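S.K.: Chains as they are written, first to last, in my numbering: chain A, 1 to 206; chain B, 1 to 467.
Worth flagging that the hints you see were computed from the coordinates, not collected in a lab.
The structure presented is a predicted model; accordingly, all values stated were derived computationally and were not measured.
Be aware that one or more of the hints could be misleading.
SDA-like mimics (lysine to any residue), calculated; alpha carbons at most 20 Å apart, straight line [what the hints assert, rightly or not]: (1) B/K233 - B/K246; (2) B/K246 - A/D162; (3) B/K153 - A/D162; (4) A/K34 - B/R264; (5) B/K153 - B/P258; (6) A/K34 - B/A74; (7) B/K153 - B/I266; (8) B/K153 - B/R264; (9) B/K153 - A/V125.
Part of the chain B face toward chain A, derived, beta carbon under 7 Å [what the hints assert, rightly or not]: (10) V4; (11) E11; (12) S27; (13) V28; (14) R31; (15) A35; (16) P116; (17) H180; (18) G418; (19) P422.
In silico negatives: residues of chain A with every beta carbon more than 10 Å from chain B [what the hints assert, rightly or not]: (20) R31; (21) G48; (22) A71; (23) G85; (24) E89; (25) L126; (26) D154.
Beta carbons: idealized from backbone N, C-alpha and C, even for Gly.
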Amino acid sequence: MSAFPPVPRVSGVAAPLLRANVDTDAIIPSREIKGVGKTGLAEGLFAGWRYLQPGSREPDPDFVLNDPAFAAAPILLAGENFGCGSSREHAVWALHEYGVRAVIAPSFAPIFRGNCVTNGIIPVVLDAPAILALAATGNPVTIDLLARTVTSGDVTAPFAIDAEASAMLAQGLDAIDLTLQHVDAISAFHTADRTARPWIYLEPQS
Amino acid sequence: MHVVASLGADEDLIAIDRVFLHERTGSVALRSLAASGRRVADPGRVFAVTDHIVDTLPGRTGTRVPGGSAFLEATREETRKAGIRLFDVEDPDQGIVHVISPELAIVLPGATLVCPDSHSCSQGAFGALAWGIGSTEAEHAMATGTLRVTRPKTMRVRFTGRPGPGVTAKDMALALIAAHGAGGGKGHAIEFAGEAVSALDLEGRLTLCNMAAEFGAMTAFIAPDETVFAYLKGRRYAPTGPGWEKALAAWRALVTDPGAVFDREIVIDAGTITPMVSWGVSPQQSAPITTCVPAAPGPESAVERALDYMGLVPGQPLIGTPIDAAFIGSCTNSRIADLRRVAAIVQGRHVAPGIAAIIVPGSSAVRRAAEAEGLDRIFTEAGFDWRMSGCSLCFYAGGDGFAPGARVISSTNRNFEGRQGPGVRTHIASPETVAASALAGAIADPRDWAPRADTGARELAAGAEAR
Ligand code: SF4
Numbered sequence: 001m002s003a004f005p006p007v008p009r010v011s012g013v014a015a016p017l018l019r020a021n022v023d024t025d026a027i028i029p030s031r032e033i034k035g036v037g038k039t040g041l042a043e044g045l046f047a048g049w050r051y052l053q054p055g056s057r058e059p060d061p062d063f064v065l066n067d068p069a070f071a072a073a074p075i076l077l078a079g080e081n082f083g084c085g086s087s088r089e090h091a092v093w094a095l096h097e098y099g100v101r102a103v104i105a106p107s108f109a110p111i112f113r114g115n116c117v118t119n120g121i122i123p124v125v126l127d128a129p130a131i132l133a134l135a136a137t138g139n140p141v142t143i144d145l146l147a148r149t150v151t152s153g154d155v156t157a158p159f160a161i162d163a164e165a166s167a168m169l170a171q172g173l174d175a176i177d178l179t180l181q182h183v184d185a186i187s188a189f190h191t192a193d194r195t196a197r198p199w200i201y202l203e204p205q206s
Numbered sequence: 001m002h003v004v005a006s007l008g009a010d011e012d013l014i015a016i017d018r019v020f021l022h023e024r025t026g027s028v029a030l031r032s033l034a035a036s037g038r039r040v041a042d043p044g045r046v047f048a049v050t051d052h053i054v055d056t057l058p059g060r061t062g063t064r065v066p067g068g069s070a071f072l073e074a075t076r077e078e079t080r081k082a083g084i085r086l087f088d089v090e091d092p093d094q095g096i097v098h099v100i101s102p103e104l105a106i107v108l109p110g111a112t113l114v115c116p117d118s119h120s121c122s123q124g125a126f127g128a129l130a131w132g133i134g135s136t137e138a139e140h141a142m143a144t145g146t147l148r149v150t151r152p153k154t155m156r157v158r159f160t161g162r163p164g165p166g167v168t169a170k171d172m173a174l175a176l177i178a179a180h181g182a183g184g185g186k187g188h189a190i191e192f193a194g195e196a197v198s199a200l201d202l203e204g205r206l207t208l209c210n211m212a213a214e215f216g217a218m219t220a221f222i223a224p225d226e227t228v229f230a231y232l233k234g235r236r237y238a239p240t241g242p243g244w245e246k247a248l249a250a251w252r253a254l255v256t257d258p259g260a261v262f263d264r265e266i267v268i269d270a271g272t273i274t275p276m277v278s279w280g281v282s283p284q285q286s287a288p289i290t291t292c293v294p295a296a297p298g299p300e301s302a303v304e305r306a307l308d309y310m311g312l313v314p315g316q317p318l319i320g321t322p323i324d325a326a327f328i329g330s331c332t333n334s335r336i337a338d339l340r341r342v343a344a345i346v347q348g349r350h351v352a353p354g355i356a357a358i359i360v361p362g363s364s365a366v367r368r369a370a371e372a373e374g375l376d377r378i379f380t381e382a383g384f385d386w387r388m389s390g391c392s393l394c395f396y397a398g399g400d401g402f403a404p405g406a407r408v409i410s411s412t413n414r415n416f417e418g419r420q421g422p423g424v425r426t427h428i429a430s431p432e433t434v435a436a437s438a439l440a441g442a443i444a445d446p447r448d449w450a451p452r453a454d455t456g457a458r459e460l461a462a463g464a465e466a467r
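Chain B extracted, bound-state conformation (with noise of 0.2 Å):
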């Protein structure tokens, strides 16, 4: 229904209705579509957020990247020219960009949403086609209203059955990975579908959607129901009156046909997936946190050079392996619903000795959500550094890092090497397995670390499933 003209046998000129920028990439688009002499179509509806590489120390100002005031500066200027409205570092409303796009209903179901940035296809949990795409590619869509689209073919993915205690979208989303490969969705628009996708929570189809880009396909999303359409009510940007009446209706009717066919067809039984950990540099190196680091099939393979990177070595329990330290954040995992769970099992413990355990909200509501229902004492009682929003130690880009060599647990979605700092060896798995770890202070299995009967934990968990 956002085709605006057919520009041959497998491309389309598609309607974008929202566009969102970041200072890392966005500055670069704007400046450049300023030298060009063009101008944004429709200014009101494109969206730009500091969150790539602002402070997120406690009283920050701006960034601590070298070089990187320019990008925020650049940001503010272009986007006060072009009229276009800012979530800067102060404003209430600043987070990571696809924390913040469905907070404020930017993100609406059935709507084209694109962001240079590869990770927008998390907003696809909406029941969005929500896509990343260059900065040159942002340009294109802010100075026309439009992208030029390669039909891509279609897969679904359905997750039947359900997932046991301890295992969440992000074990699921591992584990499709592992077994398909992080290319195994090239080309491709995936549907998640199935039991386990239907019963999680908004976050839990963000943390899904989120990890298709590390599966290597163009976009994801999950068919919108009443959990999409009960979130959105009330929201800055979501229509409102009869107008809701409307979108509703409209929403509604998003459902894939019964019969639908697909280019390609996964089914995973949920009910086998474990919580999983990364091991490589890739997401796809990842295994059941059971398990032992594998064998390389010969030197010089991409197995060898992830295990010497790593410093590990095939056989060795993963569990058990000693860490550095423990990263919570990213717009993979640092929602409420993500935080609340890290709580439950850090309520009444404490971080292992000289482990560094950081928690940066994805958003700054996320921040005073997590503030009022108190969160943030358990997590400093705890041991856990607790910062302010944004991408922060998910990626280095200079400022803030961990040392060379440090072995981290990040909640984050990329493993790649040097993401967190030049040599640092990253293991990438879910907020419980991140908690479970810093305590252990080495890799840890989440299901050993249940909450604490005696500390009140278990409510707080209860109530944060009720919620």
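Bound conformation, chain A alone (with noise of 0.2 Å):
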């Protein structure tokens, strides 16, 4: 089963939100998270910042996806340590659902940046300077993934990310129907495992 459309390529405005420790809590407050599922997040997205009061619709006008000109973008280029706090992948799910494919930022927090990949959304490590001339050309951004570059007017920038993860984005693959593949080495794994280490296997007991 294919767990999200899949993003070989982004390509659109990219909105600044320059700031260093997004946390996930900021991306989507605990209290915006209203029932038990991934969807209907993106209305609480960033909803501290996005509006006046707690609680509240009301746009803050300052704040860069209440800008026209950055509402509908596909794209955040962030500050380091991005996706940082709570493991909560509602923060994905709300960015995902509010129509971001790509989060460029110098680095990310790891179970955030786990999130982003099973949930198609392209993390992208660019370093700091290079950030900046992308929200400095003011240019529609292109990420492709097959490349990996990011490319803006005449900017060109390259980045890294392992095979796997790029894989499972470009063609948006199920991580454990991959996983599924490996069950003989699974069930092997487990019978010698209970030998060497029975404490580690307990009965049912609920």
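Two chains, each in its own frame: build the complex with the hints.
M.R.: In structure tokens form, the structure reads like this:
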């Protein structure tokens, strides 16, 4: 089964949100997580910054996504350690539902980065000067996952991403399906491990 | 030893020994897994708890978070269907996931444990490989018994020497993060080592590993020793009889080779650390409590934005900053040893007028132990609220919260904007510092609030040391 629409390439305006250490509670405040599911979250995206009062829906004109030029941006330009804090995957679901397909940052918090890869958002690592240069061009930005480049006007910056993450994003692969191809290796491991570390294996007892 | 298959140059398929879920993120994972038609491969090794959004007021029945009941109900329903052991609100073993997992010996040395919660690394204090994942990865771990893991880089952080009086594991962690940044550990699995680490009790080790999440690390661990083995023996899910002896032999072999080479090494002299307190909106924005609020390098800088949010002025001393509330709780600092040290400070004294002071034990077992020792009476007589266990005011989900603009000193791990409620200004510090500040009504140095000789608190503290 496909986990999400493949994202071999993302093109469009890039909204600058150039603060460091943007945490997942800023991306989606816990109070905005109202249901047991992965949807209905876009409205709460960046709620603490996007709206004037907590809980209100009155836009704060100073927030970048409330600028009509950036409101539909499929790309975010971010500061270092983006997505730190709570592991809540709702942050990635909210971004995806809002329409974001890539985040470009000098570094990502590890759980957030993994969540991006499992949900069809490309985590692009570029150094801070390159990100500032992209913000300065104001041009639409294109991320080509297969060529591993970010382009905007005459600026082209290469980026690195591991082969597995790249393949999963470009093809919309489901990690569980991929792993279940190793089912024989998994059961062989468990057979041997039950003898080596019997204390790990517990009886179901709910 | 957990590698099931290699998935390329820097990725492996790793066997996962334990999955722990909580109602806020685990419910989504279980629902989604069920909807995909997949099964939990080995439900006996999956556990769940309700801790994040449960009410912590005495007499609680569920949650006061708007919409929160749906998360509790989904967790109950899906764990029942999947055959997963749930520690629910009324369960005597209920508590914060990273507090009860050690109490029940669900975490074991050398085991891999994952939880869709960023502070899962706390449990590395037992020599386990424990880390936080997303909900989708939790589905993966439950469905396959494995995870696809990019090999982390390695880092050793050695705390040499011994910290002075009034300096705790929390201060060690904040000193590390203040010096090396909130992203300083990114991409790394960290081994904490050195004399000051070996000397920590298990509670202190859990605090230190807990804060590795705020250092950006993938995980952290401490080589297991006799302190760990003695703690685990006889606990609910620990092996017994000959199985215990066999496990013990394996665990004793889990020491880092003395010649091991790490990708990065940091050495900190614990003797130079003082009590720490945060002044900004990231844990890296922390400083020795005896110093002043720093100057911003320029307008529009992160420091300027933080000071604006926090309502602080450069050059103002941290000590003496008036507070509105004090909170002791969370998976960082709410265990029995933390509470004993707090009791030693507050016994025979009273919280300053107008300060809301709240203590939330990390688990129902901690609550019972504290009450058996009479700590609850010390707390309530000193003017603290004594609550039921859970995550409580560590984060704001829409129910319980502090007022906008309130200044709170807190034994928790995150001082992010809005973490404890919209507009709330959080200063993170050790439980001792929080206790002293509650008494003073302003940020206070715990070393100025030594246990009073006339109240028996010294004996209490000494007793806690001996235990
Ligand atoms: S106490 Fe706070 S940090 Fe710990 S698990 Fe609960 S919400 Fe997370």
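S.K.: For each hint, tell me whether it holds in the structure or not.
M.R.: Here's how the hints hold up against the structure:
With a C-alpha separation of about 13 Å, the suggested pair B/K233 and B/K246 falls inside the 20 Å cut-off, and the hint holds. Restraint check for B/K246 and A/D162: not satisfied, since their Cα atoms lie roughly 40 Å apart, outside the 20 Å limit. In summary, the hint linking B/K153 to A/D162 is supported, as the alpha carbons are separated by about 15 Å, within the 20 Å threshold. Note on A/K34 and B/R264: the hinted pairing is violated, with a Cα-Cα distance of about 42 Å set against a maximum of 20 Å.
With a C-alpha separation of about 18 Å, the suggested pair B/K153 and B/P258 falls inside the 20 Å cut-off, and the hint holds. Between the alpha carbons of A/K34 and B/A74 the distance comes to roughly 13 Å, so the proposed pair stays at or under 20 Å and holds. Simply put, B/K153 and B/I266 have alpha-carbon atoms about 14 Å apart, close enough for the 20 Å limit, and the pair holds. Taken as a hint, the B/K153 and B/R264 pair is honoured in the structure, with Cα atoms around 8 Å apart against an allowance of 20 Å.
The suggested pairing of B/K153 with A/V125 holds, with an alpha-carbon distance near 17 Å, which does not exceed 20 Å. Checking B/V4 against chain A: minimum C-beta separation of about 5 Å stays under 7 Å; hint holds. Contact between B/E11 and chain A, as hinted, is supported at the beta carbon level, the nearest pair being about 6 Å apart and thus within 7 Å. A least Cβ separation of about 5 Å between B/S27 and chain A falls short of the 7 Å threshold, and the interface hint therefore holds.
Checking B/V28 against chain A by beta carbon gives a least distance of about 6 Å; that is within 7 Å, so the hint holds. Among the interface hints, the one on B/R31 holds; its C-beta lies about 6 Å from the nearest C-beta in chain A, closer than the 7 Å criterion. At about 10 Å, the closest approach between the beta carbon of B/A35 and any beta carbon in chain A exceeds 7 Å, and the interface hint on this residue is violated. For B/P116, the shortest C-beta to C-beta distance to chain A is roughly 6 Å, which falls under 7 Å, so the interface hint holds.
Restraint check, B/H180 versus chain A: the minimum CB separation of about 12 Å is more than 7 Å; hint violated. At about 5 Å, the closest approach between the beta carbon of B/G418 and any beta carbon in chain A falls short of 7 Å, and the interface hint on this residue holds. Because the smallest distance between the Cβ of B/P422 and any Cβ of chain A comes to about 4 Å, under 7 Å, the interface hint for this residue holds. The beta carbon of A/R31 is not kept farther than 10 Å from every beta carbon of chain B, the shortest such distance being approximately 4 Å.
With a minimum CB-CB distance of about 5 Å to chain B, A/G48 fails to clear the 10 Å threshold, and the non-interface call is violated. The beta carbon of A/A71 sits about 23 Å from the closest Cβ of chain B, which is more than 10 Å, so the claim that it is off the interface holds. The claim that A/G85 is not at the interface with chain B is violated, since a C-beta of that chain comes within 10 Å of its own (minimum 6 Å). Some Cβ of chain B comes within 10 Å of the Cβ of A/E89; the nearest lies about 4 Å off, and the non-interface call is violated.
Its beta-carbon lying about 15 Å from the closest one in chain B, A/L126 satisfies the requirement of being farther than 10 Å from that chain. Against the 10 Å criterion, A/D154 stays outside the reach of chain B, whose nearest CB is about 28 Å from its own CB.
Going through the hint list in order, the structure does not satisfy hints 2, 4, 15, 17, 20, 21, 23, 24.
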